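A.B. asks: Could you put the whole structure together from the sequences, leaning on the hints where they help?
Okay, so the sequence shown: first residue is 1 according to UniProt numbering, each after it adds one.
If you are wondering where the hints come from, they were derived from the structure by calculation, not from laboratory data.
Bear in mind the structure is a predicted one, so any value in this text is a computation, not a measurement.
Incorrect hints may have been included.
Capping the alpha-carbon separation at 27 Å, the derived lysine-lysine pairs in BS3-like fashion look like this [unchecked claim]: (1) K96 to K206; (2) K476 to K463; (3) K476 to K268; (4) K206 to K187; (5) K331 to K533; (6) K533 to K548; (7) K96 to K15; (8) K331 to K448; (9) K9 to K122; (10) K96 to K122; (11) K120 to K96; (12) K574 to K187; (13) K186 to K206; (14) K122 to K187; (15) K336 to K421; (16) K618 to K574; (17) K448 to K463; (18) K197 to K186; (19) K120 to K421.
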Amino acid sequence: MIINELHIKGFGKWKNRTFRFAPGLNLFIAGNEAGKTTLLNALIASLYGLKRDYVRVTRYLPEYEQYLPWDGGPYETIVQYQLAEQQFRLQRVHRKEQEQARLFREPELLEITHRYQEDKRKEYNFLESHLGLSRTLFTDLTWINREPLQAADYLSSSIVPSEQQPDPLANQILAAIDQELTLIGKKDTGGTTLWGKAARQAAEAKQTLVAAEQAWREAQAIQEMSGQWQEQLIDWQRQRERMVSQLNEREQQASGWQERWQRTFQLKSPDDLLVWETEAGEQWERQLYRQVREAWEQQERQQDETADASADEAVVREVEAAYLRGWQLLKELDRKREQLLQAGGASARPRWSQKRAKTNGRKRLAIAGGVLTALFAGLAWWQFSRQQMSWFFFFSVLTVGSMAGWLWRSLGWGKRGEPAKRAGQLQQLERELNQVTDQLAALLDEWKVPDWDAFLALREQWKERLHRAETGRLSKEAATVRERENRREYWISEIRRQLEAQMASCDEQKKLLQDKLWDTEEQIAALREKIAKAQGEMGQWDQLSLAKARSEYEQAAAAVEQLLLRRDALLLAKECLLEAVQQWQRNLAPGINRRASQIMATVTANRYRDVRLDPSDKFAVRVVSEEQQRVALQTELSTGTSDQLYFAQRLALLLAVSEQTGPLPIFLDDHFIHYDEQRLSRTLAYLVKLSERHQIFLFSCHQREWTVLQPFLQGNERHLLHEL
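C.D. replies: In structure tokens:
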């Protein structure tokens, strides 16, 4: 088998990376955390997937979670490999929810997935069909590490001496037996095994049978009790009806008392009390209504006697109206007197002032006439010389007219009629003044007072009288209101007290009835629950009869017995087959031991030349020391020598199996850490020789492997150095 190429779309840290491999030795040199182990696991996963060999509770290997793509992208690999001159291309999607495997044949890329069977793990057995090796067997043989074999029991059938014919069915039979035993399980308490499921079904069937038998016995008692419960239920229901009727009567009484209690807030007049008195059903209630009504009527009569005080209010209103009217007349009288004084002062100006005004007027007239004549003469001469008389004449007329008007106003020629006019105005003002004086005198005569001050004194007297009357009236009304309110509050408090006492008594009776009714309801509910439960149990009994339960239990018990018989038969078959294999192993041991001894002698320079593998003990390694001639276990030797014994063990088994399957690849991941320089050189030289037939993948974080292998790798196309 030769792996030509691996393309990783997503696996751990690797993403969209392609690796091409040489058919001989492939050396990977890189530091820690460079992805060497991830690449090795990607190679194994691309061939066999990430599921366990057998169906168990956990189907997937721990490597599934360990190598999920770091970026959360696709979890896919594509590997191209060659078997017996035939090339294949295997594509895998490892993610659980998208799991897929497709196999193509090169070079035509014909899909041949359907030619292979899908096992119980939902996995196609491509490599198992090609090599006859499960995933565990393949890794045990090809991945040389420092751990014991995981599937040693299944190696014997793949290793036969050259002089014997191989039997490929032995390994398949053992694997099938183990798969069946795993499915059946080792205990009856397994959650997913057939034995656990069958035992659980049998236990459930037995419980059902016991319950059915118990139900059958209880059914008779339930039927008898059900009749008694029905009679008790009828009695309790009748008692409940009586209590409900009594409770309704108490509710009606409480409603009536509540209505009468609310009526106490609706009192408006003595007539209401008269109506309530006739409707009252109790003597104390009628007497109380009568007392309040009589007191209220007496208060209303007292209120009518105090109504005469309103006449003083009318007189005060008339006095106030007369005061406002007189105040307006006084203001009008003062205004007329002021106007009369102003008009009389203008007509009494001194005559010497008038004479002087006339003299000054004549002087202004002489000056204005001279100026006007000179101006008119100058303009006339200038216009005459220009021969423009039309517009000049118009201008002259306007000028003379304006001057004449000014002289008229200045000399007072237009005021000669003003004294007569002013005299008429004085007479009019005197008449209006007399009218206002007469109106004011009439107002004072109306109230029989000599002057305005006396009227003001009269006004104050009436206001004081009204104030005293109003104060007395308000005091009486307040006393009346207080008395009426006190009477009303007394009646309300008394009637409410009586009604509250009645309602409290009613509430107490209602509470007692409700408590009894609640107890009755609980008794009725309990009886109904018992009856319903009994009917339900009887109904279930009708659905699941005792005969059916017994039949199901017998079937479940028989299934467990058949399963145990099958398990015993498989164990016996496995034991017989293993005995045959052990006998076969005794015949296989010399050839395997010879190969292991040759490899160990080469690595240790003949220090250890006698190595024995025990097929009956998972091919445990023992060695005979040449110096001391004693048998030493692998665990008794140094770490480096122990690693070299693992190396010899794995290669001896791989070479033996390769005789049947063809050359298998070899994987080493930092296996030579504990080797010294001499043994490392001899081991690497042996691997170079072995790479002529087997493809080898050597992963290392040290340069010393490259130093040793450099002469072999340079210039040789069969080998390749990979730098990650």
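A.B. asks: Decide, hint by hint, whether the structure agrees.
C.D. replies: How the hints compare with the structure:
| no. | hint | result |
| --- | --- | --- |
| 1 | K96 to K206 | violated (39 Å) |
| 2 | K476 to K463 | holds (20 Å) |
| 3 | K476 to K268 | holds (21 Å) |
| 4 | K206 to K187 | holds (19 Å) |
| 5 | K331 to K533 | violated (108 Å) |
| 6 | K533 to K548 | holds (22 Å) |
| 7 | K96 to K15 | holds (19 Å) |
| 8 | K331 to K448 | holds (21 Å) |
| 9 | K9 to K122 | holds (23 Å) |
| 10 | K96 to K122 | holds (11 Å) |
| 11 | K120 to K96 | holds (16 Å) |
| 12 | K574 to K187 | holds (18 Å) |
| 13 | K186 to K206 | holds (22 Å) |
| 14 | K122 to K187 | holds (25 Å) |
| 15 | K336 to K421 | holds (18 Å) |
| 16 | K618 to K574 | holds (16 Å) |
| 17 | K448 to K463 | holds (17 Å) |
| 18 | K197 to K186 | holds (12 Å) |
| 19 | K120 to K421 | violated (144 Å) |
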